[in-house]
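Number of protein chains: 2
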Amino acid sequence: MKLTVDEKIKNVPHYPKAMMYGFEDGWTILSSNENPFPPSPKVISAVLDALPTLNRYPGGEAELKAAIAASYSLEAGQVLIGNGSNELIEMCLKAMQHPTKNGVIISEPSFAFYQIAAQVYGFEVKKVPVTDMSVDLTKLKDLIDEKTRLIFLNNPLNPTGTIFEEKAFDEFVRSIPDDILIVVDEAYAEFAENTSFPQSIQYINSFPVIVLRTFSKAYGLAGLRVGYGLGEASLMSFLERTKQPFSVNTIALIAARTALSDKDYLKKILENNKKGKQFFYKTLEGLSLEYVPTEANFFLIKVGPEAGTITKKLFDKEVLVRFMGAYGLSDYIRVTIGTMEENTRFIEVLKKLL
Amino acid sequence: MKLTVDEKIKNVPHYPKAMMYGFEDGWTILSSNENPFPPSPKVISAVLDALPTLNRYPGGEAELKAAIAASYSLEAGQVLIGNGSNELIEMCLKAMQHPTKNGVIISEPSFAFYQIAAQVYGFEVKKVPVTDMSVDLTKLKDLIDEKTRLIFLNNPLNPTGTIFEEKAFDEFVRSIPDDILIVVDEAYAEFAENTSFPQSIQYINSFPVIVLRTFSKAYGLAGLRVGYGLGEASLMSFLERTKQPFSVNTIALIAARTALSDKDYLKKILENNKKGKQFFYKTLEGLSLEYVPTEANFFLIKVGPEAGTITKKLFDKEVLVRFMGAYGLSDYIRVTIGTMEENTRFIEVLKKLL
Chain A
121 MKLTVDEKIK NVPHYPKAMM YGFEDGWTIL SSNENPFPPS PKVISAVLDA LPTLNRYPGG
181 EAELKAAIAA SYSLEAGQVL IGNGSNELIE MCLKAMQHPT KNGVIISEPS FAFYQIAAQV
241 YGFEVKKVPV TDMSVDLTKL KDLIDEKTRL IFLNNPLNPT GTIFEEKAFD EFVRSIPDDI
301 LIVVDEAYAE FAENTSFPQS IQYINSFPVI VLRTFSKAYG LAGLRVGYGL GEASLMSFLE
361 RTKQPFSVNT IALIAARTAL SDKDYLKKIL ENNKKGKQFF YKTLEGLSLE YVPTEANFFL
421 IKVGPEAGTI TKKLFDKEVL VRFMGAYGLS DYIRVTIGTM EENTRFIEVL KKLL
Chain B
121 MKLTVDEKIK NVPHYPKAMM YGFEDGWTIL SSNENPFPPS PKVISAVLDA LPTLNRYPGG
181 EAELKAAIAA SYSLEAGQVL IGNGSNELIE MCLKAMQHPT KNGVIISEPS FAFYQIAAQV
241 YGFEVKKVPV TDMSVDLTKL KDLIDEKTRL IFLNNPLNPT GTIFEEKAFD EFVRSIPDDI
301 LIVVDEAYAE FAENTSFPQS IQYINSFPVI VLRTFSKAYG LAGLRVGYGL GEASLMSFLE
361 RTKQPFSVNT IALIAARTAL SDKDYLKKIL ENNKKGKQFF YKTLEGLSLE YVPTEANFFL
421 IKVGPEAGTI TKKLFDKEVL VRFMGAYGLS DYIRVTIGTM EENTRFIEVL KKLL
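Protein chains in written order, with our numbering: chain A, 121 to 474; chain B, 121 to 474.
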């Protein structure tokens with residue numbers, strides 16, 4: 121057949137396959153920045169109640185929007201729900217498609233999907249290297265030109281775990297032409313302990329800023345794919361026109377709504393993360409290994425030029441971490457903070473390999 | 121702010137809000153072509169097993185692909201999984217975007233999402249009116265020009281329930297230039313009893329034909345959003361590049377895989393549909409009401425110029441059907457075939473209103 125596909129699409133990279141594996145019980149999985157604890161009994165119970173209704177199309181998106189809005193003292197019209205933040209990222213790109221004003225700026229490294237999705241929609245992507253492992257907002261600003269349409273910021277930054285602070289963000293937002301959409305992906309925000317973490321949501325009504333959050337990390341629902349976006353109401357209404365109807369399924373909607381109200385679970389998760397972080401810092405210092413202090417539920421360890429080999433050897437011992445070669449950080453591995461048992465197991469295996 | 125959104129996006133219609141309502145127990149819901157029975161105990165049981173893993177990103181897409189492929193004696197590379205057929209429709213549009221060859225042809229009426237999605241991706245949509253309530257493949261062929269990029273066929277056709285037959289499809293496919301992608305959406309195919317229903321899957325390797333199927337209808341999983349596409353392997357690989365990673369969640373994947381293997385459930389559903397259809401035909405003939413014989417799990421009833429009012433009055437009695445005014449069929453309502461209890465309840469209320 122003569123059916124042709126645009127070069128643009130042919131050149132879109134496949135998503136890293138390493139993330140797609142399924143693993144058996146017993147593996148120590150510290151590779152995908154997931155929450156190490158299963159959903160709370162409250163979430164499980166709400167899901168059970170919904171099972172007999174699965175023959176019906178999903179309802180309940182309005183209720184989840186209302187609950188999220190209330191938790192931030194916003195209006196429901198300022199909230200968008202997506203099938204993971206990925207769908208929200210795509211909605212921003214779809215709505216902002218433009219024949220000539222088609223530039224996207226991202227940090228390098230950053231979450232891989234920004235670039236993949238931007239390429240699908242024909243955007244030209246410029247990348248700004250991090251400075252001291254952190255998003256460099258000054259260098260990023262210097263790259264803006266008349267073609268710039270969207271900027272994706274990731275705070276805390278995946279894969280480094282660092283943040284940019286309130287003051288830098290405030291200056292940045294005020295200095296950007298207001299025909300550019302700034303998407304602030306805060307997937308890991310709940311884990312940030314630094315009190316200078318930006319109050320980005322306070323900018324959504326006065327600036328073209330959209331803040332993305334997710335139930336995949338601190339709320340422990342990566343398997344259900346629910347993200348949300350917060351922004352100015354008329355902008356959100358435009359974005360919603362590009363959304364697939366029913367893109368978030370019944371189970372995802374009810375689980376997210378229940379998780380949002382389950383403060384005890386969230387508290388437990390954040391305490392475990394804090395404890396794990398302190399354990400790792402202390403242990404790695406004892407081993408004289410460099411690491412990047414984190415504001416997220418993962419962090420970078422500098423294991424040296426053998427980082428790729430060490431990742432493979434950890435894998436052979438059923439410990440899964442992420443080698444950072446593909447992110448241009450070939451001396452580093454990224455490790456998710458797990459349960460104390462998982463953290464200890466990782467350190468034990470790592471010690472033997474070094 | 122000066123942020124602008126393209127007119128193209130501003131003009132995309134919102135999806136009909138009527139479908140978004142949630143209804144309490146006790147309502148007779150015959151408006152969305154859903155399966156009237158809850159998922160089988162086997163599906164529920166598989167879902168329960170997966171609940172403790174929801175903190176992990178979804179796995180199992182490869183297994184579902186393999187199971188679907190095996191059920192059609194295809195290779196896994198000929199199968200794509202989507203978050204409902206909607207995602208597959210979007211993947212076709214994303215991959216086929218083209219600056220000048222940007223025409224889409226659809227039947228009118230047909231499933232509303234084809235046009236909404238095509239507009240989001242900047243395609244120009246031409247519509248071919250049905251003839252005798254059926255897709256008119258001859259008129260459709262006449263509309264093809266050098267700009268035509270995609271044709272969406274829906275068989276059986278939503279909202280009329282009619283089919284085009286094998287012979288007509290065969291002639292059509294052979295006469296179409298092979299730089300045009302033909303997407304055959306067979307969401308309701310399992311319900312078709314007419315033995316002349318096309319064997320469309322036999323065309324996927326020799327023609328640019330993609331067949332879409334879904335777990336939302338006969339398999340009773342509308343609330344979970346799982347569709348799949350069957351097509352030539354290299355074409356499917358290109359389409360997959362435009363797919364959101366993890367777009368089908370853990371619960372959806374495991375439920376679909378289990379549902380596919382549960383032949384008894386499917387048999388029960390198809391028998392109920394056949395029985396309901398015969399009940400409706402007989403009853404409506406007794407009431408001297410015209411209807412359109414169906415190959416799906418829904419059908420059109422000609423209730424006359426008061427169809428809109430009758431729909432509202434049915435609603436007041438907690439019976440939900442779809443008024444076809446928005447589809448240019450203002451004398452008609454579309455009724456899903458429900459359980460025998462629901463079918464009887466609908467007829468009782470309708471009788472009193474006529």
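Treat the hints with care, as some may be off.
Pairs count within a copy or across copies, as identical chains cannot be separated in the list.
[To be verified] BS3-like cross-link-like pairs, simulated, lysine-lysine; straight-line CA separation at most 30 Å: (1) 387 - 287; (2) 162 - 122; (3) 162 - 287; (4) 246 - 437; (5) 122 - 261; (6) 471 - 247; (7) 247 - 122; (8) 246 - 472; (9) 395 - 122; (10) 471 - 162; (11) 267 - 388; (12) 259 - 471; (13) 472 - 395; (14) 383 - 247.
Hints in this document: simulated from the structure, not taken from any laboratory.
Evaluation of the provided hints:
In this homomeric assembly, residue 387 and residue 287 come within 30 Å of each other (Cα to Cα) only inside a single copy, at 28 Å, whereas the closest approach across copies is 64 Å. In this assembly of identical chains, the alpha carbons of residue 162 and residue 122 never lie at most 30 Å apart, being 54 Å within a copy and 44 Å across copies at closest. In this assembly of identical chains, the alpha carbons of residue 162 and residue 287 never lie at most 30 Å apart, being 39 Å within a copy and 55 Å across copies at closest. When the C-alpha separation of residue 246 and residue 437 is checked against a cutoff of 30 Å, the pair qualifies neither within a copy, at 39 Å, nor between copies, at 58 Å.
Taking the closest pair of Cα atoms, residue 122 and residue 261 come within 30 Å of each other only across two copies (18 Å); inside a single copy the shortest separation is 44 Å, beyond that limit. When the C-alpha separation of residue 471 and residue 247 is checked against a cutoff of 30 Å, the pair qualifies neither within a copy, at 36 Å, nor between copies, at 67 Å. Taking identical chains as interchangeable, the C-alpha atoms of residue 247 and residue 122 lie at most 30 Å apart only when they sit on different chains, with a minimum of 24 Å there against 35 Å within one chain. With identical chains, the CA atoms of residue 246 and residue 472 are never at most 30 Å apart, being 41 Å at best within one copy and 66 Å at best between copies.
Neither within a single protomer nor between protomers do residue 395 and residue 122 lie at most 30 Å apart by alpha-carbon distance, with minima of 59 Å and 45 Å respectively. Taking CA atoms no more than 30 Å apart as the test, residue 471 paired with residue 162 passes in neither setting, with 39 Å inside one copy and 45 Å between copies. In this assembly of identical chains, residue 267 and residue 388 lie within 30 Å of each other by CA distance neither inside one copy nor across copies; the values are 45 Å within and 58 Å between. Taking identical chains as interchangeable, the C-alpha atoms of residue 259 and residue 471 are never at most 30 Å apart, the minima being 38 Å within one chain and 72 Å between chains.
Proximity of residue 472 and residue 395 under a CA criterion of 30 Å is satisfied intra-copy only: 23 Å inside one chain copy versus 68 Å between copies. Taking the shortest Cα distances, residue 383 and residue 247 never come within 30 Å of each other, neither inside one copy (38 Å) nor across copies (52 Å).
The structure fails to meet hints 2, 3, 4, 6, 8, 9, 10, 11, 12, 14 from the earlier list, while all remaining hints are met.
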